[in-house]
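For the record, the sequence lines run as chains A and B.
Sequential numbering from 1124 applies to the first sequence in my numbering.
Sequential numbering from 1124 applies to the second sequence in my numbering.
Incorrect hints may appear among the rest.
Pairs count within a copy or across copies, as identical chains cannot be separated in the list.
The calculated lysine-lysine pairs, modelled on PhoX-like cross-linking and capped at a C-alpha distance of 20 Å, are [said to hold, decoys possible]:
no., residue 1, residue 2
1, Lys1125, Lys1173
2, Lys1125, Lys1210
3, Lys1198, Lys1210
4, Lys1198, Lys1171
5, Lys1209, Lys1198
6, Lys1125, Lys1171
7, Lys1198, Lys1173
8, Lys1203, Lys1125
9, Lys1134, Lys1209
10, Lys1210, Lys1173
11, Lys1198, Lys1125
12, Lys1203, Lys1173
Hints in this document: simulated from the structure, not taken from any laboratory.
2 protein chains.
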Amino acid sequence: MKISDFQDLLKELYLQNDLNRGVTSTFIWLVEEIGELATILNSTDVDKQKVSEEIADIIAWTISIANILDVDIEKALSDKYPNECKKCSSSPCICEK
Amino acid sequence: MKISDFQDLLKELYLQNDLNRGVTSTFIWLVEEIGELATILNSTDVDKQKVSEEIADIIAWTISIANILDVDIEKALSDKYPNECKKCSSSPCICEK
Chain A
1124 MKISDFQDLL KELYLQNDLN RGVTSTFIWL VEEIGELATI LNSTDVDKQK VSEEIADIIA
1184 WTISIANILD VDIEKALSDK YPNECKKCSS SPCICEK
Chain B
1124 MKISDFQDLL KELYLQNDLN RGVTSTFIWL VEEIGELATI LNSTDVDKQK VSEEIADIIA
1184 WTISIANILD VDIEKALSDK YPNECKKCSS SPCICEK
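Work out the full structure, taking the sequences as your base and the hints as a guide.
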């Protein structure tokens, strides 16, 4: 699946709700999902299925914010993450020791 | 760009760093990006370029967590977000009033 197709799918499913709710309330939903991921990561036996679901939710709510503000996700990702690290110009990145 | 290709790119660039840092520290990086997006959204004149960059960072750090835990992002997204809302089975979603 293309990133742009997934963004279009979320527009189709949720854009009207996202616009009605607004960016601030949508951001709060995103933070709620971050909290849910934290809870799972803090558990002694991390459930991979639950992690997958929370990760999907975090990405989806982030894209909802992008949709409200008319941000092209595919362009945002390729601009910020080209085929080498933008900081050290290496692949793999050698910024961290 | 396919979602799986972007996940592969981040693995190539950052997986070793992500594994060395570990999931907890990587989660803290994600939360830092959430804070940076909050700062931009709280400003009186929201800068779309900055929003794009923070959104890209949030998605990338979320995928780094997925890479550490061996979660397939494309599968996670299509399982959680099929072509209709999973809660109301409608497209567009009619869950929210």
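Discussion item. Within a copy, between copies, both or neither: which one fits Lys1209 and Lys1198 at a CA-CA cutoff of 20 Å?
Written reply: Only inside one copy: Lys1209 and Lys1198 sit 15 Å apart there, 28 Å across copies, limit 20 Å.
Fill in: Up to 20 Å CA-CA - Lys1125 versus Lys1198, copy category
both (12 Å within a copy, 12 Å between copies)
Discussion item. Within, between, both or neither: how does the pair Lys1198, Lys1171 come out at a Cα-Cα threshold of 20 Å?
Written reply: So Lys1198 and Lys1171 pass the 20 Å test across copies only (13 Å; inside, 30 Å).
Worksheet item: Given a CA cutoff of 20 Å, do Lys1198 and Lys1210 count as a within-copy pair, a between-copy pair, both, or neither?
Response: For Lys1198 and Lys1210, the Cα distance is within 20 Å only inside one copy (19 Å; across copies 30 Å).
Item to complete: Check Lys1134 against Lys1209 for me: Cα-Cα at most 20 Å, and say if that holds within a copy, between copies, both or neither.
Response: For Lys1134 and Lys1209, only the inter-copy Cα distance (15 Å) is at most 20 Å; the intra-copy one is 30 Å.
Worksheet entry | Homomeric proximity label, Lys1203 with Lys1173: Cα distance no greater than 20 Å | between (28 Å within a copy, 11 Å between copies)
Discussion item. I want to check one pair: Lys1125 and Lys1210. Are their C-alpha atoms no more than 20 Å apart within a copy, between two copies, both, or neither?
Written reply: neither (26 Å within a copy, 24 Å between copies)
Practice prompt. Indicate which option fits the pair Lys1210, Lys1173 if close means a Cα-Cα distance not exceeding 20 Å: within, between, both or neither.
Written response: Cα proximity of Lys1210 and Lys1173: across copies only (17 Å, versus 33 Å in one copy).
Discussion item. I want to check one pair: Lys1125 and Lys1173. Are their C-alpha atoms no more than 20 Å apart within a copy, between two copies, both, or neither?
Written reply: Intra 24 Å, inter 23 Å, cutoff 20 Å: neither.
Fill in: Lys1198 and Lys1173: within-copy, between-copy, both or neither at 20 Å Cα
Answer is between; shortest inter-copy Cα gap is 13 Å, intra-copy 29 Å.
Worksheet item: At most 20 Å between C-alpha atoms: does Lys1203 with Lys1125 qualify within a copy, between copies, both, or neither?
Response: both (17 Å within a copy, 16 Å between copies)
Item to complete: At 20 Å max between alpha carbons, let me know whether Lys1125 reaches Lys1171 within a copy, between copies, both or neither.
Response: neither (24 Å within a copy, 23 Å between copies)
The structure does not agree with the numbered hints 1, 2, 6 stated previously, though it agrees with the rest.
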